[in-house]
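K.L.:
Residue numbers (numbering that gives the first Met the number 0), protein chains in the order written: chain A, 0 to 393; chain B, 0 to 393.
Certain hints may be false.
To be verified - Listed next, the stretches of chain A that the computed footprint assigns to chain B, with coverage defined by at least 3 CB atoms under 8 Å from CB atoms of chain B:
id : stretch
1  : 44-52
2  : 105-114
3  : 119-131
4  : 173-186
As the list claims (entries may be wrong) - Over the 10 Å line for every Cβ pair with chain A, so calculated as not near, a few chain B residues:
id : residue
5  : Trp48
6  : Pro114
7  : Glu386
8  : Glu388
Hint data in this document are derived by calculation from the structure and do not stem from the laboratory.
Yeah, the Cβ is synthetic: ideal placement off N, Cα and C, and Gly gets one too.
Protein chains: 2
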Amino acid sequence: MSGAAAARAGGIPKDLPDWTAGMGPGVTDEPYGAPSKFEAHVVRRNVEWLTASTESSVNFTPLQDLNGILTPNGLFFERHHSGRADVDPAQHRLVIHGMVERPVSLTMEDLYRLPPVDRIAFTECAANGGMEWRGAQLNGVQFVRGMLGCAQWTGVSVRTLLEHTGVRLGAKWVLAEGADNAALDRSIPLDKMLDDAVVAYAQNGERLRPGQGYPIRLVLPGYEGNMWVKWLRRLEVGDEPWYTRWETSKYTDLLPTGKAIRFSFVQEANSVITAPSPEKPLNGPGPYVIRGLAWSGNGRIARVDVSTDGGKNWVQAPLQEPVLPKALTRFYLPWRWDGGSALLQCRAIDETGYVQPTIEALRKVRGRNAIYHNNSIVTWLVNTTGEVENVQVA
Amino acid sequence: MSGAAAARAGGIPKDLPDWTAGMGPGVTDEPYGAPSKFEAHVVRRNVEWLTASTESSVNFTPLQDLNGILTPNGLFFERHHSGRADVDPAQHRLVIHGMVERPVSLTMEDLYRLPPVDRIAFTECAANGGMEWRGAQLNGVQFVRGMLGCAQWTGVSVRTLLEHTGVRLGAKWVLAEGADNAALDRSIPLDKMLDDAVVAYAQNGERLRPGQGYPIRLVLPGYEGNMWVKWLRRLEVGDEPWYTRWETSKYTDLLPTGKAIRFSFVQEANSVITAPSPEKPLNGPGPYVIRGLAWSGNGRIARVDVSTDGGKNWVQAPLQEPVLPKALTRFYLPWRWDGGSALLQCRAIDETGYVQPTIEALRKVRGRNAIYHNNSIVTWLVNTTGEVENVQVA
């Protein structure tokens, strides 16, 4: 007789677990739910030595424990420059001015009354992988690629907003500015704003979290995360960039020549194996699944290759649907581990034909000064013990 | 001089809000994040008179406050029959037995080692809208259609599992049983299980919440929610259904003749306007957006029509991408309210050509006994005050 049948017959076997032997809490105790206590290790983490303060700092998404293409809002990485602003939406305004015909100051209600759009897109800090670049071998996919998240964003397209204000002849750039203490501001090409930019008030169904810019942030599919201005309070239309500190002293790519690339907006094709990984070692030889993510700021992922021998041989990994432009794409590849050491790699190819480079190839072009836009192939060394290490191979 | 410019220059204007004048909390205080305090009203709610206990009861998704097609895990409706089980994944097993060649008892680690699939799908309680059916005019979209949610689910397809166990000649049904105190069990056609059923361990990126069946639940795209067995512990393969209490005394559709339809699995095409709605009244004449959701257990939504005059005239609402089979589909339709009374309706048409019926048409077929599978058109009466009421029109 099964446990359940015995229970129905009135005799509860002594070995029944608590959750079968008795009732659990009812439906009123969690108006807003929480993960299981057995998942308490799945959290955002920071790197203490990385920044001088926690207010101008970052916490990282635990990619090793995630599935599919969506990042839960509670686990979505945060990069702030003056801490997490807690904005009252009733007081908040979005001002649109500069080279427009009809400047406006919009309340949240004004925004809700405009036709919205939904858009699934990843956002990634320009510095994702930056610690690697300078040679720090942080042992964890959370730190190696965890300044990354993907969500369905809902809001009003910038095109709709600028149709309301009108734009003057000669306008070419838009400055976006945040309402937090840092007042981070970035110059964005008007063409991009009219293409697919969104002033978003929702993320993954619910309103933005404060750490993601509540009540509104800019969404710029494919562009580096700092340009997705949070707590957005101002859009100014102009005819040239503003050369703010965030696009001159920060977020530029310093070349070996001493010159720096400015306005390098797009996050190029990238990918990472989330398991096995330093946080997800192997438990003896046998069947496993190589789980990973790929993404490109230039469109759809066309193909992902996986190597278990450090890039000598590659096999194509099947991609999970949906494969959406400028969104995370998930791949799973069955793999039988024979117990020997292995060098796991993946590389993304996007619909433009761009192939994710090795770190060697990228360094030939960029040198070692730049810390942003490191989209080079990540290598995990699987030891014979099953432990996994972050290594760089020539 | 703008506030930000003044702040940079050292003089902070007195009217600057706190979040601009000073820094917010750093990145270490919320390892797992939470919504803004200004969104505290966005919660699951229950209906006190509906059930005799909170353990065998339901809480409802606040559809009126949601965007896009994904339901956040913290706001996903819960229907339990013996409370929310809190299962230890280390102790949990999935047993597959009956008419199989090789019965198995799988640990969670065994499941992780099998190739996974991702699938975006809605789940809906068979009783969604059931209170309406008996004439209760609950004033809120949360209660009228809130036993509904949509997520990206990740797990192992049942096909993969049954390929491992093998299935004996003549097998036609599979019993799925939960590990909670109710031990809810349902008979599911083998064909459905081999088509698109998934033993899921993740929802919207992270592991299932306890209220959704942690560590594993059955995902049956398009089928009624109670069959998506939570805390899944057992799959038994057989050659006929088991006629459990959950498919004989419960979850059947009682016809006027006294006969009952059993095994009515599919949630047919349905839709609802989430705003304006009783919870989202209008604030004076002017431009608004009619926001709504449509879904069908039979495939993709092909079209959504919207009426503002109780079904006399209809206009087609644009659908937001992605439009996925057996998933929620979002529509937004701009609407200018002239301040007069209006009767807002929407109706879904799916790719099979099925048109969501009026309640009158459905009652002609079903009578008034059945409380399940009420997918009839919902009507919101907009009063001249802007308040919105749930009404039924002939």
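K.L.:
Now look at each hint and say whether the structure bears it out.
P.N.:
To see whether the hints hold, each was checked on the structure:
Given as covered by chain B, the stretch 44-52 of chain A passes the check, having 3 residues with a CB less than 8 Å from a CB of that chain where 3 are the minimum. Under a criterion of three residues with beta carbons nearer than 8 Å to beta carbons of chain B, the stated coverage of the stretch 105-114 of chain A is upheld, 5 such residues being counted. Counting residues of the stretch 119-131 of chain A whose CB lies closer than 8 Å to any CB of chain B gives 1, so the stated coverage by that chain is violated, three being the minimum. Proximity of the stretch 173-186 of chain A to chain B, defined as three or more residues with a beta carbon under 8 Å from a beta carbon of that chain, is established by the 6 residues found.
Even its closest Cβ contact with chain A, about 14 Å, leaves Trp48/B beyond 10 Å, as expected for a residue assigned away from the interface. Interface exclusion of Pro114/B from chain A breaks down, the closest Cβ pair being 5 Å apart, not more than 10 Å. Non-interface status of Glu386/B relative to chain A is upheld: no Cβ of that chain comes within 10 Å, the nearest being about 17 Å off. Once the 10 Å rule is applied to beta carbons, Glu388/B is consistent with being away from chain A; the minimum gap is 21 Å.
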